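**Q** Protein chains in written order, with this note's numbering: chain R, 625 to 856; chain G, 625 to 856.
Simulated from the structure, these hints should not be mistaken for lab results.
Owing to the predicted nature of the structure, the values given are computational and were not obtained by experimental measurement.
A portion of the hints provided could be inaccurate.
Since the list can't tell identical chains apart, any single copy or any two copies may satisfy a pair.
[Claimed, not checked] Quick list of in silico lysine-lysine cross-link-like pairs, DSBU-like style, CA-CA up to 35 Å: (1) 626 to 813; (2) 813 to 796; (3) 626 to 796; (4) 714 to 769; (5) 714 to 813; (6) 796 to 769; (7) 626 to 769; (8) 796 to 714.
2 protein chains.
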Amino acid sequence: MKAVLITSGGMDSATLAWHYDALGYDLILVGFDYGQRHRRELEYVHAIAAQHNAETRIVQLPIRDLLHGSALTSDDVDVPDGHYAQETMKATVVPNRNAIMLSIATGIAVAENADIVATGVHAGDHFIYPDCRPAFFDPFAQAMKAGNEGFTPPGFRLEAPFITWTKADIAKHGDALGVDYATTWSCYKGGDIHCGRCGTCVERIEAFIEADVHDPTVYEDRAFALAEIGLG
Amino acid sequence: MKAVLITSGGMDSATLAWHYDALGYDLILVGFDYGQRHRRELEYVHAIAAQHNAETRIVQLPIRDLLHGSALTSDDVDVPDGHYAQETMKATVVPNRNAIMLSIATGIAVAENADIVATGVHAGDHFIYPDCRPAFFDPFAQAMKAGNEGFTPPGFRLEAPFITWTKADIAKHGDALGVDYATTWSCYKGGDIHCGRCGTCVERIEAFIEADVHDPTVYEDRAFALAEIGLG
């Protein structure tokens with residue numbers, strides 16, 4: 625059995641790789657270079673693949689200028705500091721990103737005769753990112769099945785096993801599976817170490833605390849995140 | 625009102641441009657360079673845009689090796705000659721192509737605050753291409769709406785106005801709208817002139833005949849197509 629996993633190199637997608645490895649799937653990890661500031665996350669895709677003897681595909685997507693306006697891909701828009709679930713975090717939305725990634729991953733799965741395409745989206749993403757919600761994912765998964773009918777193995781499907789979980793749930797699950805979270809990258813700013821201030825750093829710190837799981841990450845400003853989540 | 629149209633430069637997408645121009649939309653025509661043999665179709669995207677004072681976006685998609693195995697993108701697989709609705713034409717399927725194109729076009733539409741994303745798929749595509757069928761398109765359109773909720777104008781939607789039409793219906797509709805079919809390209813082989821032998825050339829010739837519309841195209845081997853459709 626073969627699974628194609630959308631892999632950003634962060635906590636969720638690392639846990640996804642451990643999850644499907646534990647279930648006995650051969651893995652193909654698909655990373656995307658779409659001009660994101662934090663392109664260094666792709667190094668972690670390779671590192672996670674090495675831990676699972678997985679294949680990797682890095683997809684070059686030169687669509688940065690076409691999908692303009694996001695803080696993640698535009699030099700003109702700053703990455704906002706603060707808690708993930710704030711209105712300001714909408715600046716980090718890349719238009720239709722998950723659909724684009726899932727469509728290409730599904731194409732790769734069809735070419736590779738894989739059984740499953742999976743993504744690590746979770747409930748904490750729902751507030752800001754409409755393309756992480758079941759209202760998007762469920763009909764999308766249905767479309768991918770129908771759109772490749774006759775060209776996929778029996779039972780071919782898309783899965784988002786964490787879509788109703790919190791990020792803390794993922795950290796707990798990953799900890800039980802033995803995920804090495806030191807080999808993951810979250811920070812949207814893409815500096816030398818995690819900033820501790822951007823939405824995804826704050827969310828990462830909060831998840832480890834809520835899950836009561838050891839956080840191996842070195843942050844530039846962990847105190848900022850602790851203040852944001854009311855523990856400062 | 626603004627519409628983003630998937631544009632291959634063929635009969636269907638040219639008619640689509642005329643259709644939405646007649647309905648009063650400002651147009652953005654999106655073409656894709658995915659390593660197809662018939663990359664020259666992209667010249668026709670620009671030509672059609674010029675006829676409508678439309679903007680164009682050509683998306684570079686270096687996914688040819690990732691979505692291997694199609695006659696359209698692989699030097700190792702020949703483009704089959706014959707009628708479009710034959711099993712052999714399955715060699716021309718590019719895995720999940722329409723979903724990939726529609727996802728990126730939707731991302732562009734969101735970035736451009738457009739009201740509509742449209743594609744010229746039609747009933748003649750249904751037999752070979754599962755990603756041209758309503759069973760794919762309807763849930764996909766629903767997913768695109770939900771996946772970009774809050775980031776699109778009211779009434780934002782995907783449309784496939786020809787999805788239940790034959791290609792002859794499209795030719796008739798386009799003829800009435802004044803489409804200049806000399807400025808369109810269909811042939812999958814991408815030579816200097818249309819070959820007249822590949823599935824899409826045969827289908828093109830058949831559509832003009834069935835619609836009783838003048839075919840301005842010069843073909844290398846029109847006799848082959850006529851024999852295939854029982855008029856030889």
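**Q** From the Cα coordinates, with 35 Å as the cut-off, is the pair residue 714 and residue 769 best called within, between, both, or neither?
**A** both (30 Å within a copy, 17 Å between copies)
**Q** For the identical chains here, do residue 796 and residue 769 meet the 35 Å Cα criterion within one copy, between copies, both, or neither?
**A** Result: close both inside a copy and across copies, 31 Å intra and 33 Å inter.
**Q** Which holds for residue 626 with residue 813 at a C-alpha limit of 35 Å: within a copy, between copies, both or neither?
**A** Cα proximity of residue 626 and residue 813: in one copy and across copies (33 Å, 34 Å).
**Q** Go through the copies and call it for residue 626 and residue 769: within, between, both or neither, with a Cα cutoff of 35 Å.
**A** both (16 Å within a copy, 30 Å between copies)
**Q** Pop the pair residue 796 and residue 714 into one bin, within, between, both or neither, using alpha-carbon distances up to 35 Å.
**A** Cα proximity of residue 796 and residue 714: one copy only (27 Å, versus 45 Å across).
**Q** State whether the alpha carbon distance between residue 813 and residue 796 is at most 35 Å within one copy, between copies, both, or neither.
**A** Classified as within: same-chain Cα gap 26 Å, cross-chain 54 Å, threshold 35 Å.
**Q** Up to 35 Å between alpha-carbons, please classify residue 626 paired with residue 796: within, between, both or neither.
**A** within (25 Å within a copy, 46 Å between copies)
**Q** State whether the alpha carbon distance between residue 714 and residue 813 is at most 35 Å within one copy, between copies, both, or neither.
**A** within (15 Å within a copy, 44 Å between copies)
When held up to the earlier numbered hints, the structure conflicts with none and fits them all.
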